[in-house]
Amino acid sequence: PKKAMDYSSSSEEPDSSEEEDDEAEGEPQDRAGEPAGARQLEQLQLEVRKGSVVNVNPTNTRPHSDTPEIRKYKKRFNSEILCAALWGVNLLVGTENGLMLLDRSGQGRVYGLISRRRFQQMDVLEGLNLLTTISGKRNKLRVYYLSWLRNKILHNDPEVEKKQGWTTVGDMEGCVHYRMVKYERIKFLVIALKNSVEVYAWAPKPYHKFMAFKSFADLPHRPLLVELTVEEGQRLKVIYGSCAGFHAIDVDSGNNYDIYIPVHIQTHVTPHAIIFLPHTEGMEMLLCYEDEGVYVNTYGRIIKDVVLQWGEMPTSVAYICSNQIMGWGEKAIEIRSVETGHLDGVFMHKRAQRLKFLCERNDKVFFASVRSGGSSQVYFMTLNRNCIMNW
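Mapping the sequence shown onto the working numbering, position 329 (from 1) lands on 329, and the numbers just tick up by one.
If you're looking for bench data, these hints aren't it; they were derived computationally from the structure.
For clarity, every value in this text was computed on a predicted model and none was experimentally measured.
It is possible that part of the hints are untrue.
Claimed, not checked - Per label pair, the in silico range of CB-to-CB distance:
(1) Ala201 <-> Arg371: 36 to 42 angstroms
(2) Ser115 <-> Asp305: 48 to 54 angstroms
(3) Gly374 <-> Glu312: 20 to 26 angstroms
(4) Asn97 <-> Ser337: 37 to 43 angstroms
(5) Glu161 <-> Pro262: 25 to 31 angstroms
(6) Glu330 <-> Asp258: 29 to 35 angstroms
(7) Arg222 <-> Thr168: 19 to 25 angstroms
(8) Asn78 <-> Asn362: 26 to 32 angstroms
(9) Gln353 <-> Trp166: 32 to 38 angstroms
(10) Arg222 <-> Leu343: 28 to 34 angstroms
(11) His155 <-> Pro206: 25 to 31 angstroms
(12) Gln309 <-> Gly374: 28 to 34 angstroms
(13) Lys162 <-> Tyr183: 34 to 40 angstroms
Claimed, not checked - Subject to a maximum C-alpha distance of 25 angstroms in a straight line, what follows is the list of computed BS3-like cross-link-like pairs (lysine-lysine):
(14) Lys187 <-> Lys214
(15) Lys194 <-> Lys214
(16) Lys194 <-> Lys209
(17) Lys163 <-> Lys205
(18) Lys74 <-> Lys364
(19) Lys137 <-> Lys74
(20) Lys331 <-> Lys356
(21) Lys182 <-> Lys140
(22) Lys187 <-> Lys140
We treat Cβ as the ideally placed atom computed from N, Cα and C, and that holds for glycine.
The whole structure should be built from the sequences, with the hints applied where relevant.
Below, the structure written as structure tokens:
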């Protein structure tokens with residue numbers, strides 16, 4: 001395979017002025033844009049703001065290649081990037097100091113949406129006109145209306161401008177992590193707090209909001225990471241990771257039990273990801289922690305005599321839709337099979353650096369540089385076939 005000796009970073013479109021090119025060998029990647037699917041942003045196609053058009057249907061202008069690319073947007077964010085979510089093809093970016101929209105398809109401009117507020121986690125729910133977030137000094141679960149955010153760019157709807165653009169879910173503070181899970185036609189929101197887990201469910205019109213469903217207080221371990229599964233299409237279970245290991249709560253009975261405690265680790269455990277394996281009816285998982293991963297079921301039984309071993313301690317681990325997992329380390333990015341743990345590809349950094357997973361869709365994976373107190377940048381990788389590269 002060809003080697004890219006540094007970040008390949010040409011733009012989504014050839015005339016983009018807001019991405020920078022570094023040295024790279026190898027051919028450019030197919031630049032096909034994702035499907036728009038963003039009714040909330042379709043007016044952006046028609047509006048010109050200070051000479052920039054936000055186009056939600058970027059044209060494929062790149063020749064095809066089988067070599068994956070990693071590209072870097074030129075925009076340097078002054079504070080650390082903590083999270084991001086795709087809105088159409090454009091990227092909402094949450095930082096220590098605010099929320100911004102990165103136009104990925106026009107001239108690459110960045111639009112400031114909310115300032116002086118910390119955004120720790122977020123997801124776009126286009127069908128509900130919502131952006132869910134953990135944000136603010138008190139880490140509240142705040143929900144923003146996409147129509148209100150869009151109007152902050154376009155300023156073309158006085159009625160929307162008069163309305164409050166956000167609401168809070170419950171009266172929770174100190175939210176650590178949440179996960180959105182869809183079961184049949186119900187959207188569940190499971191939230192990890194300091195010593196408890198809350199489960200909310202989406203109530204459609206006339207309520208049109210998340211309403212409290214279940215609450216599990218006084219947990220024996222503080223939840224740091226949370227998931228929700230529906231076993232065999234019937235039983236709801238909360239799975240959560242703590243500094244001791246991984247645990248489960250039966251939603252119906254409220255019973256709390258341990259799933260996996262890595263007793264060979266004497267210090268606090270850092271849980272990275274809870275990944276449900278495909279075609280197992282929500283009952284089998286890959287649990288990633290520290291630089292390892294184990295395969296267990298929801299009752300705590302080891303199901304594979306395999307321990308996934310990363311080449312180094314990752315700063316982020318994420319499941320991607322190609323049925324693979326990615327681990328971001330200071331020396332390399334590793335891509336592994338989610339079902340076997342086998343290494344499918346590795347991307348060596350030219351220089352040591354900390355990277356953080358942001359989000360993914362189709363064949364594109366977004367991540368950011370992590371520089372405490374310094375500038376951060378957004379990167380994205382377009383995946384194709386498995387291969388090993390240096391970059």
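Hints and how they fare:
{"no.": "1", "hint": "Ala201 <-> Arg371: 36 to 42 angstroms", "verdict": "holds, 39 angstroms"}
{"no.": "2", "hint": "Ser115 <-> Asp305: 48 to 54 angstroms", "verdict": "holds, 52 angstroms"}
{"no.": "3", "hint": "Gly374 <-> Glu312: 20 to 26 angstroms", "verdict": "holds, 22 angstroms"}
{"no.": "4", "hint": "Asn97 <-> Ser337: 37 to 43 angstroms", "verdict": "holds, 38 angstroms"}
{"no.": "5", "hint": "Glu161 <-> Pro262: 25 to 31 angstroms", "verdict": "violated, 52 angstroms"}
{"no.": "6", "hint": "Glu330 <-> Asp258: 29 to 35 angstroms", "verdict": "holds, 31 angstroms"}
{"no.": "7", "hint": "Arg222 <-> Thr168: 19 to 25 angstroms", "verdict": "holds, 22 angstroms"}
{"no.": "8", "hint": "Asn78 <-> Asn362: 26 to 32 angstroms", "verdict": "holds, 30 angstroms"}
{"no.": "9", "hint": "Gln353 <-> Trp166: 32 to 38 angstroms", "verdict": "holds, 34 angstroms"}
{"no.": "10", "hint": "Arg222 <-> Leu343: 28 to 34 angstroms", "verdict": "holds, 33 angstroms"}
{"no.": "11", "hint": "His155 <-> Pro206: 25 to 31 angstroms", "verdict": "holds, 30 angstroms"}
{"no.": "12", "hint": "Gln309 <-> Gly374: 28 to 34 angstroms", "verdict": "holds, 32 angstroms"}
{"no.": "13", "hint": "Lys162 <-> Tyr183: 34 to 40 angstroms", "verdict": "holds, 36 angstroms"}
{"no.": "14", "hint": "Lys187 <-> Lys214", "verdict": "holds, 14 angstroms"}
{"no.": "15", "hint": "Lys194 <-> Lys214", "verdict": "holds, 16 angstroms"}
{"no.": "16", "hint": "Lys194 <-> Lys209", "verdict": "holds, 24 angstroms"}
{"no.": "17", "hint": "Lys163 <-> Lys205", "verdict": "holds, 18 angstroms"}
{"no.": "18", "hint": "Lys74 <-> Lys364", "verdict": "holds, 18 angstroms"}
{"no.": "19", "hint": "Lys137 <-> Lys74", "verdict": "violated, 29 angstroms"}
{"no.": "20", "hint": "Lys331 <-> Lys356", "verdict": "holds, 13 angstroms"}
{"no.": "21", "hint": "Lys182 <-> Lys140", "verdict": "holds, 22 angstroms"}
{"no.": "22", "hint": "Lys187 <-> Lys140", "verdict": "holds, 19 angstroms"}
The earlier numbered hints that this structure contradicts are 5, 19.
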